[in-house]
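Below are the chains, spelled out letter by letter.
2 protein chains.
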Amino acid sequence: MINKLISKIEKTQAPIVVGLDPMMKFVPEYIQKKAFAEFGETLEGAAEAIWQYNKGIVDAICDLVPAVKPQIAMYEQFGIPGLMAFKKTVDYCKEKGLVVIGDIKRGDIGSTSEAYAVGHVGKVSVGKNSFYGFDEDFVTVNPYLGSDGVKPFIKVCAEEKKGIFVLVKTSNPSSGEFQDRICDGKPLYELVGEKVAQWGEELMGDSYSYVGAVVGATYPEQGKLLRKVMPKSFILVPGYGAQGGKGADLVHFFNEDGLGAIINSSRGIIAAYQQEAYASYGESGYADASRAAVIAMKEDIRQALESR
Amino acid sequence: MINKLISKIEKTQAPIVVGLDPMMKFVPEYIQKKAFAEFGETLEGAAEAIWQYNKGIVDAICDLVPAVKPQIAMYEQFGIPGLMAFKKTVDYCKEKGLVVIGDIKRGDIGSTSEAYAVGHVGKVSVGKNSFYGFDEDFVTVNPYLGSDGVKPFIKVCAEEKKGIFVLVKTSNPSSGEFQDRICDGKPLYELVGEKVAQWGEELMGDSYSYVGAVVGATYPEQGKLLRKVMPKSFILVPGYGAQGGKGADLVHFFNEDGLGAIINSSRGIIAAYQQEAYASYGESGYADASRAAVIAMKEDIRQALESR
Numbered sequence: 009m010i011n012k013l014i015s016k017i018e019k020t021q022a023p024i025v026v027g028l029d030p031m032m033k034f035v036p037e038y039i040q041k042k043a044f045a046e047f048g049e050t051l052e053g054a055a056e057a058i059w060q061y062n063k064g065i066v067d068a069i070c071d072l073v074p075a076v077k078p079q080i081a082m083y084e085q086f087g088i089p090g091l092m093a094f095k096k097t098v099d100y101c102k103e104k105g106l107v108v109i110g111d112i113k114r115g116d117i118g119s120t121s122e123a124y125a126v127g128h129v130g131k132v133s134v135g136k137n138s139f140y141g142f143d144e145d146f147v148t149v150n151p152y153l154g155s156d157g158v159k160p161f162i163k164v165c166a167e168e169k170k171g172i173f174v175l176v177k178t179s180n181p182s183s184g185e186f187q188d189r190i191c192d193g194k195p196l197y198e199l200v201g202e203k204v205a206q207w208g209e210e211l212m213g214d215s216y217s218y219v220g221a222v223v224g225a226t227y228p229e230q231g232k233l234l235r236k237v238m239p240k241s242f243i244l245v246p247g248y249g250a251q252g253g254k255g256a257d258l259v260h261f262f263n264e265d266g267l268g269a270i271i272n273s274s275r276g277i278i279a280a281y282q283q284e285a286y287a288s289y290g291e292s293g294y295a296d297a298s299r300a301a302v303i304a305m306k307e308d309i310r311q312a313l314e315s316r
Numbered sequence: 009m010i011n012k013l014i015s016k017i018e019k020t021q022a023p024i025v026v027g028l029d030p031m032m033k034f035v036p037e038y039i040q041k042k043a044f045a046e047f048g049e050t051l052e053g054a055a056e057a058i059w060q061y062n063k064g065i066v067d068a069i070c071d072l073v074p075a076v077k078p079q080i081a082m083y084e085q086f087g088i089p090g091l092m093a094f095k096k097t098v099d100y101c102k103e104k105g106l107v108v109i110g111d112i113k114r115g116d117i118g119s120t121s122e123a124y125a126v127g128h129v130g131k132v133s134v135g136k137n138s139f140y141g142f143d144e145d146f147v148t149v150n151p152y153l154g155s156d157g158v159k160p161f162i163k164v165c166a167e168e169k170k171g172i173f174v175l176v177k178t179s180n181p182s183s184g185e186f187q188d189r190i191c192d193g194k195p196l197y198e199l200v201g202e203k204v205a206q207w208g209e210e211l212m213g214d215s216y217s218y219v220g221a222v223v224g225a226t227y228p229e230q231g232k233l234l235r236k237v238m239p240k241s242f243i244l245v246p247g248y249g250a251q252g253g254k255g256a257d258l259v260h261f262f263n264e265d266g267l268g269a270i271i272n273s274s275r276g277i278i279a280a281y282q283q284e285a286y287a288s289y290g291e292s293g294y295a296d297a298s299r300a301a302v303i304a305m306k307e308d309i310r311q312a313l314e315s316r
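Each protein sequence line maps, in turn, to chains A and B.
Residue numbering for the first sequence follows my numbering, beginning at 9 and increasing consecutively.
Residue numbering for the second sequence follows my numbering, beginning at 9 and increasing consecutively.
Simulated from the structure, these hints should not be mistaken for laboratory data.
Among the hints, erroneous ones may be present.
[What the hints assert, rightly or not] Using C-beta positions, here's what the derived DEER-type ranges look like:
1. B/A287 <-> A/L267: 52 to 62 Å
2. B/P239 <-> A/E46: 11 to 21 Å
3. B/K102 <-> A/K42: 30 to 40 Å
4. A/G118 <-> B/S292: 26 to 36 Å
5. A/D71 <-> B/G135: 27 to 37 Å
6. A/G118 <-> B/K12: 44 to 54 Å
7. B/Q283 <-> A/D192: 35 to 45 Å
8. A/G105 <-> B/S292: 16 to 26 Å
[Stated by the list, open to error] The calculated PhoX-like cross-link candidates involving lysine-lysine, where the alpha carbons are at most 25 Å apart (straight line), are:
9. A/K95 <-> B/K131
10. A/K33 <-> B/K136
11. A/K136 <-> B/K194
12. B/K95 <-> A/K96
13. A/K95 <-> B/K95
14. A/K240 <-> A/K159
15. A/K163 <-> B/K33
16. B/K194 <-> B/K240
17. B/K16 <-> A/K42
18. A/K131 <-> B/K42
19. A/K136 <-> B/K41
20. A/K33 <-> B/K131
21. B/K232 <-> A/K33
22. B/K16 <-> B/K95
23. B/K194 <-> A/K194
None of these values were measured; they are calculated from a predicted model.
We treat Cβ as the ideally placed atom computed from N, Cα and C, and that holds for glycine.
Isolated chain A, as found in the complex (with noise of 0.2 Å):
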């Protein structure tokens, strides 16, 4: 799936990933209001109108991007129909021939943490069938309880040649709290990226590990420092546009062949036509608002590359 996605940013020329986490008050009044005279203001009302506008935003992106990545909160908050609408989105992503990483950022422990990876990465055993829960390509983990929450992630990642993205400095204001902190020498988050390089060995693609980062654009310093502790891991980069990382910000988490860092863009591009920018395109041009702002987002990327 490494090699999947690799192929497909050298096609789209594009290290991008949108981020599909729909808010309701992203959501077109127009969309709402359908979703709400079909099934009421419920829940299931809810997750019908965030799987349409998903639907509308993937339809308008799906030929210019490699990857989406669905996270899983904005749907959980909807409970079982919430849920039910993320696996109609996967699903429909991996239809329309997208890699789809699933920010789930789970982690835990042995044979939970095979659970989780099973339930997403995995198929699940049900006496003599096995059945995929989730079915993402990659999903994001969470390192603070060690390899014994990690190893179970890579162990089904084998069998099902798919990937994870463990955070290691992530974009937030606060991530320096604990991330930041001196341990024996070195800051934690470099600890962790040490970390992700050997079990990145354990499972590799044919030039890049199984085993990714998540390091924020917020924080290109670190980025740099990162890009090389963790030469074969890929770097997702979450961070750009609204949290405020810019093109410029980014080189760094490339490695020398363009390659190793794909960048997540999330409310800048599924929420375009609520900015001043692309205003124009008005609530039905709403998926149109976010192809225009792909294109323009892969531009900047594009010219920060050239001019490092």
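Got chain A sorted already, so can you dock chain B onto it with the hints?
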């Protein structure tokens, strides 16, 4: 809810929580057969089997303990049907008067953490209405992302009078890889514990905070230290029984008032009938075996606390 948890602990004289972590290998054959006969060897069949298995245990133990802790991963592995069984289990346990600690180990940032909080311990707005998604009483939270990840949970808990347990020092062998690193002269788990105490001040119940901590029974020395670092936080203690923790290891997790800790046992209780000590109950007596195991655990902890 922390007040309710405490009053139930006092009433039952059992600082015990039963982990409802149903693995298929624990579910008696006859329950599996019945479920598969009705739903086939499908995700729905598996979900029905674990639900019926849970129900038997809950009926057998609900008068003995204050709380249960369903581990969501064990349900999530069966996709949507599995999560429906999780929800059914949560609802049923609450009907039976049990406090429900959702072991979900979620954690993200800002609006995303808030979405998890809303889905699990709060309610979500849809138009003029609002709905509870999963509606546990407490959930476990991963602290790796810092205050940005934890505070949205506290905000939602304040509205709902619900609570969280933040992972501080987990029970697994590799928990030390990051958690034991010495940062600025202190192990990371101690820094996280200090933050838990600080976050906890923001949301106090009568005598303890709504913000608790997870510290593994397998690390009694660390428990002793953390007890002092977080005097007003309840400690949820996994690792008793199957993972190797014993009654005598637990005394330091409690305060002088005999409160402040709640000890989890999962497979030691729910799969008791598979242990030699309870084998005479047989498969069909699995729930009674669980009841007997709870009584033995209660006695083990009572003795340990008396002889301290």
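Comparing the hints with the structure gives:
Distance hint for B/A287 and A/L267: a CB-CB separation of about 57 Å, consistent with the stated range 52 to 62 Å. At about 53 Å, the beta-carbon gap between B/P239 and A/E46 misses the expected band of 11 to 21 Å. Range check, B/K102 to A/K42: Cβ separation about 35 Å, and the 30 to 40 Å hint holds. A hinted range of 26 to 36 Å holds for the C-beta pair A/G118 and B/S292, which are about 29 Å apart.
In this structure the supplied range 27 to 37 Å holds for A/D71 paired with B/G135, their Cβ-Cβ distance being about 34 Å. For the pair A/G118 and B/K12, the supplied restraint of 44 to 54 Å is violated, since their beta-carbon distance comes to about 31 Å. Range check, B/Q283 to A/D192: about 41 Å between beta-carbon atoms, so the 35 to 45 Å window is met. Between A/G105 and B/S292, the C-beta spacing of about 51 Å breaks the proposed range 16 to 26 Å.
Annotation: proposed proximity of A/K95 to B/K131 holds, straight-line Cα distance about 22 Å (limit 25 Å). Straight-line distance between C-alpha atoms of A/K33 and B/K136 comes to about 14 Å, which keeps the hinted pair within the 25 Å bound. Proximity of A/K136 to B/K194 is assessed by CA-CA distance (about 51 Å); at most 25 Å being required, the pair is judged violated. At most 25 Å may separate the alpha-carbon atoms for a hinted pair to count; B/K95 and A/K96 meet this at roughly 20 Å.
A hinted pair counts as satisfied when its Cα atoms are at most 25 Å apart, and A/K95 with B/K95 qualifies at roughly 17 Å. The suggested pairing of A/K240 with A/K159 holds, with an alpha-carbon distance near 18 Å, which does not exceed 25 Å. With a CA separation close to 20 Å, the supplied pair A/K163 and B/K33 stays within the 25 Å bound. A threshold of 25 Å between alpha carbons decides the hint, and for B/K194 with B/K240 the separation of about 21 Å falls inside it, so the pair holds.
Straight-line distance between C-alpha atoms of B/K16 and A/K42 comes to about 47 Å, which puts the hinted pair past the 25 Å bound. Pair hint A/K131 plus B/K42 holds up; C-alpha atoms about 23 Å apart against a cutoff of 25 Å. Distance restraint check for A/K136 and B/K41: the Cα-Cα separation of roughly 13 Å lies within the 25 Å cut-off, and the hinted pair is therefore satisfied. Distance restraint check for A/K33 and B/K131: the Cα-Cα separation of roughly 16 Å lies within the 25 Å cut-off, and the hinted pair is therefore satisfied.
Pair hint B/K232 plus A/K33 does not hold up; C-alpha atoms about 47 Å apart against a cutoff of 25 Å. At most 25 Å may separate the alpha-carbon atoms for a hinted pair to count; B/K16 and B/K95 meet this at roughly 22 Å. Taken as a hint, the B/K194 and A/K194 pair is honoured in the structure, with Cα atoms around 14 Å apart against an allowance of 25 Å.
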